[in-house]
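Given the structure of chain A, go ahead and fit chains B, C and D onto it with the hints provided.
Number of protein chains: 4
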Amino acid sequence: MTLIGAEMTELAPGYCAISIQPRPEIQQQHGYVHAGIVATLVDSAGGFAGFTLFPADSSVLTVEYKLNLLAPATGDRLVAEGFVVKAGRTLVITRGEVHAEEGGKRTLVALMQQTLMVMHGKPDP
Amino acid sequence: MTLIGAEMTELAPGYCAISIQPRPEIQQQHGYVHAGIVATLVDSAGGFAGFTLFPADSSVLTVEYKLNLLAPATGDRLVAEGFVVKAGRTLVITRGEVHAEEGGKRTLVALMQQTLMVMHGKPDP
Amino acid sequence: MTLIGAEMTELAPGYCAISIQPRPEIQQQHGYVHAGIVATLVDSAGGFAGFTLFPADSSVLTVEYKLNLLAPATGDRLVAEGFVVKAGRTLVITRGEVHAEEGGKRTLVALMQQTLMVMHGKPDP
Amino acid sequence: MTLIGAEMTELAPGYCAISIQPRPEIQQQHGYVHAGIVATLVDSAGGFAGFTLFPADSSVLTVEYKLNLLAPATGDRLVAEGFVVKAGRTLVITRGEVHAEEGGKRTLVALMQQTLMVMHGKPDP
Chain A
0 MTLIGAEMTE
10 LAPGYCAISI
20 QPRPEIQQQH
30 GYVHAGIVAT
40 LVDSAGGFAG
50 FTLFPADSSV
60 LTVEYKLNLL
70 APATGDRLVA
80 EGFVVKAGRT
90 LVITRGEVHA
100 EEGGKRTLVA
110 LMQQTLMVMH
120 GKPDP
Chain B
0 MTLIGAEMTE
10 LAPGYCAISI
20 QPRPEIQQQH
30 GYVHAGIVAT
40 LVDSAGGFAG
50 FTLFPADSSV
60 LTVEYKLNLL
70 APATGDRLVA
80 EGFVVKAGRT
90 LVITRGEVHA
100 EEGGKRTLVA
110 LMQQTLMVMH
120 GKPDP
Chain C
0 MTLIGAEMTE
10 LAPGYCAISI
20 QPRPEIQQQH
30 GYVHAGIVAT
40 LVDSAGGFAG
50 FTLFPADSSV
60 LTVEYKLNLL
70 APATGDRLVA
80 EGFVVKAGRT
90 LVITRGEVHA
100 EEGGKRTLVA
110 LMQQTLMVMH
120 GKPDP
Chain D
0 MTLIGAEMTE
10 LAPGYCAISI
20 QPRPEIQQQH
30 GYVHAGIVAT
40 LVDSAGGFAG
50 FTLFPADSSV
60 LTVEYKLNLL
70 APATGDRLVA
80 EGFVVKAGRT
90 LVITRGEVHA
100 EEGGKRTLVA
110 LMQQTLMVMH
120 GKPDP
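Protein chains in written order, with numbering that gives the first Met the number 0: chain A, 0 to 124; chain B, 0 to 124; chain C, 0 to 124; chain D, 0 to 124.
With the rest of the complex left out, here is chain A (with noise of 0.2 Å):
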């Protein structure tokens, strides 16, 4: 998250958003924000997202996560959600959105579904 300049903006009960801003070294040859960047900050929103209702001694692993790429992720911000739709003992499924913001403009750039496990008696250091 340091590397790619990311900013968790909001973080409550069963959800998380993280920003970031388009810039050279993170976007791919059209000047699109690269699909792996997409994915990381997705990712990392529903994880944080799942974490927030995890017990204080656990720490959080993706399991899997199946993503859409729908539109180029341009703009001035991107803006990266994760909501918990199902929090079981051992295993938590969320939903994600990227959207990019240019204008007051919001796109709907990338759409997710993510399972995440609850590793117990681990807290992370």
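Hint data in this document are derived by calculation from the structure and do not stem from the laboratory. Be aware that a few hints might be false.
[Stated by the list, open to error] If you want the ones that stay clear, here's a sample from chain A, every Cβ over 12 Å from chain B, calculated: (1) Thr106; (2) Ala109; (3) His119; (4) Gly120.
[To be verified] When the alpha-carbon atoms are kept at most 20 Å apart in a straight line, the in silico EDC-like pairs for lysine to aspartate or glutamate are as follows: (5) Lys104/D to Asp75/D; (6) Lys85/A to Glu100/C; (7) Lys85/D to Glu101/B; (8) Lys85/A to Asp75/A; (9) Lys85/C to Glu9/A; (10) Lys85/B to Glu24/D; (11) Lys85/D to Glu100/B; (12) Lys85/C to Glu101/A; (13) Lys85/B to Glu6/D; (14) Lys85/C to Glu96/A; (15) Lys85/D to Glu96/B; (16) Lys85/A to Glu96/C.
The C-beta atom is built at its ideal place from N, Cα and C for all residues, glycine as well.
Just chains B, C and D now, with coordinates in the frame of chain A:
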């Protein structure tokens, strides 16, 4: 790819391998390569594998992928491979694997299934 | 759909709901509706939701979907819903949900993310 | 499985094959086997493949799967295969394939990637 220090180590019809050496900037708090990097590598390997079978005047777009993270991405080298499973006129389906190599041992760290779209008449600049 | 006894209960632009009443033939050993039926319902709901936005002379093809099974599919009625997230010229992306209803209570039992393809000039017979 | 007329034709550690002969009740309007049946077969094949590696007192739960539909499911016989890719203590990851067979020719009609959960101490009744 330049930002993260990855290198394409093999390209054949319907196949691509991309490698990277773990180093601090791409590792997360536990010393493992960040899942976003793993995703980027295998998404790219799948995309290039598909692209080898496309017509000359076309480019490639990732429609979607699903990624299972199976083990920590650590070791001396990560190798992401993409394999074309079906090449249609409009859509190309690939599978992907990422292995971590350490002292002659290979561990499967990620498994992907991906849908690419052929952008006819839109060559990369 | 006839085989399994499902019924389309709502169809609007970009939306479809399909319902079914659990009965022995579609239940597995624990008395829950089989996951294959749940998948069929929500895949179909997504497909019809997309189809409502297609041109008249086209048909719909499911390219792929990803389905999380969240809770046992039991109760008086199952309702599968499909929602169009993005309607492109060639590809349409939908989300799907399946709820189990019992005595006024609704439980989310499955969550789907799906890619459809518009088959232009190939109307259904 | 009884409802749809499928038969388990092979079961080995980490592997399962399930076959079915297309017939009117499981075909849709174009004469192809319905995608829901294809999904059911390959989800089940993956589940049984995983189950072969589980402890005796456990049962299997499909957490999620992702399915690409690649070609019409037609022919004399459909064969769904599940292969375990990684067997963890709690989660098991499988891949699946469905081939249509007709006159000695095999066509890949579907590709799956699946996450199973081991339900320890909960044997099937």
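Checked hints:
{"no.": "1", "hint": "Thr106", "in the structure": "holds, 16 Å"}
{"no.": "2", "hint": "Ala109", "in the structure": "violated, 9 Å"}
{"no.": "3", "hint": "His119", "in the structure": "holds, 17 Å"}
{"no.": "4", "hint": "Gly120", "in the structure": "holds, 16 Å"}
{"no.": "5", "hint": "Lys104/D to Asp75/D", "in the structure": "holds, 10 Å"}
{"no.": "6", "hint": "Lys85/A to Glu100/C", "in the structure": "holds, 17 Å"}
{"no.": "7", "hint": "Lys85/D to Glu101/B", "in the structure": "holds, 19 Å"}
{"no.": "8", "hint": "Lys85/A to Asp75/A", "in the structure": "violated, 32 Å"}
{"no.": "9", "hint": "Lys85/C to Glu9/A", "in the structure": "violated, 26 Å"}
{"no.": "10", "hint": "Lys85/B to Glu24/D", "in the structure": "violated, 29 Å"}
{"no.": "11", "hint": "Lys85/D to Glu100/B", "in the structure": "holds, 17 Å"}
{"no.": "12", "hint": "Lys85/C to Glu101/A", "in the structure": "holds, 19 Å"}
{"no.": "13", "hint": "Lys85/B to Glu6/D", "in the structure": "violated, 27 Å"}
{"no.": "14", "hint": "Lys85/C to Glu96/A", "in the structure": "holds, 12 Å"}
{"no.": "15", "hint": "Lys85/D to Glu96/B", "in the structure": "holds, 12 Å"}
{"no.": "16", "hint": "Lys85/A to Glu96/C", "in the structure": "holds, 12 Å"}
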